[in-house]
Amino acid sequence: MSTPAVKPKAMIQDNTRCIGCRACMVACKSWNDRPEDKTDFFAGEGYQNPRDLDANNYTLITFNEIVNGPNPDWVFGRQLCMHCIQPACASACPTTAMFKTDLGPVVFDESRCIGCRACMQACPFIIPKYDYESFAPKIHKCTFCADRQEVGLEPACAKVCPTGAISFGDRDDMVVEAKRRIAEAPGTYIPEIYGLDEVGGTSVLHLSSVPFEKIGYITGLPKTPMPDLTHRWLRMTAPVFAVLYAIFGALNWIVRRRMRRQGHEGEHQ
Amino acid sequence: MNWRIRLTWWDKTLLAIVAVAAVIGFVRFATGIGTVANINNAYPWGWWVGYGIMTMIAIGGVGFTITALVEIFGVHRYHSFLRPAVLMAFLCYASAITMLMVELGRPWMVWMVLVSWAPTSALYEVGWCAFLYLTVLALEFARVPLEQAGWRRAFRIVSAIYIPIMLLGVTLSHLHQSSLGTLMTLIPHKINLLWWSDQLPLVFLFSAMMAGPAMAILEHLAAARWLGFEPRMDLLAGLARIEAWLVGLFLAFQMGDLFYRGVADAMFSASWFAVSFWVEIGFGLMVPFVLLMMPEVRETRRGLATACALIIAGILLHRLNVAVIGLRVRHWETYVPSFGEVGITLGITAAALFAFGWLARILPIHEELPSPETSTHSATHPAGAWRGAEGVS
Chain U
1 MSTPAVKPKA MIQDNTRCIG CRACMVACKS WNDRPEDKTD FFAGEGYQNP RDLDANNYTL
61 ITFNEIVNGP NPDWVFGRQL CMHCIQPACA SACPTTAMFK TDLGPVVFDE SRCIGCRACM
121 QACPFIIPKY DYESFAPKIH KCTFCADRQE VGLEPACAKV CPTGAISFGD RDDMVVEAKR
181 RIAEAPGTYI PEIYGLDEVG GTSVLHLSSV PFEKIGYITG LPKTPMPDLT HRWLRMTAPV
241 FAVLYAIFGA LNWIVRRRMR RQGHEGEHQ
Chain H
270 MNWRIRLTWW DKTLLAIVAV AAVIGFVRFA TGIGTVANIN NAYPWGWWVG YGIMTMIAIG
330 GVGFTITALV EIFGVHRYHS FLRPAVLMAF LCYASAITML MVELGRPWMV WMVLVSWAPT
390 SALYEVGWCA FLYLTVLALE FARVPLEQAG WRRAFRIVSA IYIPIMLLGV TLSHLHQSSL
450 GTLMTLIPHK INLLWWSDQL PLVFLFSAMM AGPAMAILEH LAAARWLGFE PRMDLLAGLA
510 RIEAWLVGLF LAFQMGDLFY RGVADAMFSA SWFAVSFWVE IGFGLMVPFV LLMMPEVRET
570 RRGLATACAL IIAGILLHRL NVAVIGLRVR HWETYVPSFG EVGITLGITA AALFAFGWLA
630 RILPIHEELP SPETSTHSAT HPAGAWRGAE GVS
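In order, the protein sequence lines correspond to chains U and H. Be aware that the first sequence starts at 1, since it is given in our numbering, and climbs by one per residue. Be aware that the second sequence starts at 270, since it is given in our numbering, and climbs by one per residue.
In case anyone wonders, no lab produced these hints; they're calculated from the structure. Note that CB positions come from ideal geometry on N, CA and C, so glycine has one too. Hints are supplied without guarantee of correctness; some may be wrong.
[To be verified] Quick look at which bits of chain H chain U covers, simulated, 3 or more residues with Cβ under 8 Å:
1) 309-319
2) 327-341
3) 378-388
4) 457-470
5) 558-566
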């Protein structure tokens, strides 16, 4: 008997094809029923609005001014949940409210959430956000449109992208496709797929024409899955419990025996 | 038994702080966390977790440290420190859990941890262990009020299970004190390399052990002053010697870890991280270590109180450095605790202090203080009931 062949899905975010139209942001808001924001200008690098992801924005196109030769140039980047193959957020959740589905999406079940925000703290990409103003707050982040994927639809952002900057398919195929694009146009792309092996691999694969740290990406992340960091300690819990309890019990027994003997000697004197 | 006490100005001050915190707490529950707290999307954990939970659990380590010293390593001359230590630990854990109820976004769902299976989550282990350990501490301490109230049957039951429960408490403490550090090993990309180490579980366990004798000494000095008994300076000097060893070893471990990880030069970088590091190491470990190595300091109340207070403040700063100060997320994001955040933690701490002072006056917590001549353990120890379950006839 074989398990049903579930092939994990992935998306390519090809920033070289992005024109900054933000249709993906609109589609995302629309599908996830998020309210509008009051936008504002802020000082500093990046000219996108809003500045960062928040409880109302599950994805964001970043506008980065890159000085390329004599002229500054707009280079776009995108923020969204990376849907790690081994997600740190899900491993940190004490109630499995955050979990990874077979198809790939890392999703959040508010009915199990206690609101500890360990997932926010754990995420290497700083993705999960919180609605602190709410009486019953929830974790907010991109769901990889898990509900759409379940019925065979592609994520809303991939559906609406007018330039083909977002591609969706089986992860194996997407990796091949991303490598093909880099190989065919080495002048257009930097030879790096962000997400191929970051924190052990993710379900979103980013391509870019400039180094990722210049367009707001968090770089320098380990190539091994984050949950390994805690797992190597936590897996020792049961044996350590047994060994310590036995050692402490033995020492306590010796101590009490010594005390009893001293007590009896005292009586004989 | 008489539960009433005369409230001193000190009690009234503490209760006033609790009242102010209760108002802030009401606002928090009526309108949400965002109204009273500055924690944000970049710093989801702030002062509440750094002080209210992580530091409280650390100084609650006095319970298992003194219990292990007396019951497991058999150093019985410190037996008179056991009851205050267990009560302090109970109140620290109760404070941490109260803090958790304020800090969680959905505190009414907290039971979900107990019906989940999440062995990959350090917080899951901390949650289970802290819940079990609070129960253990309550059972350990229950003998004092039960005996005082004359409930013989309940007293006998609690006494009969004392040994396995006590062993369980010490074991659970080792697990969850280290798991609090495990929790932070998950974010090497956020914590400054002065503090992130894959040995953080051991660092957290050792610092909790280090809090033990320091808290025991501070409590003894404070109780002697407020309850009006003569402090046992001979015993305090002994505890201070143990504490000096713990501080020295912890300092060596911290430094060794920095060199082992090859990041020792970060100590001398021109950054606020390095400043915070040196304040923590200098005033929290080096100064008290030197102080406690001097016999004249170990023999004076003021010297002991200064050294131990520095150690506790150092542990607080260490936990804050790991959980809050040492974190960099996005360079434009900042976090400074709000009045509401600090106010609520002050209220919880004041409530714990008041509860300790109240229980210390209505229960025989400090009664077994034999004079130096009879301080070596004997079967006719006046606190026979306290160790009745140990089978000492």
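Against which earlier hints does the structure fall short, listed by number upward?
5
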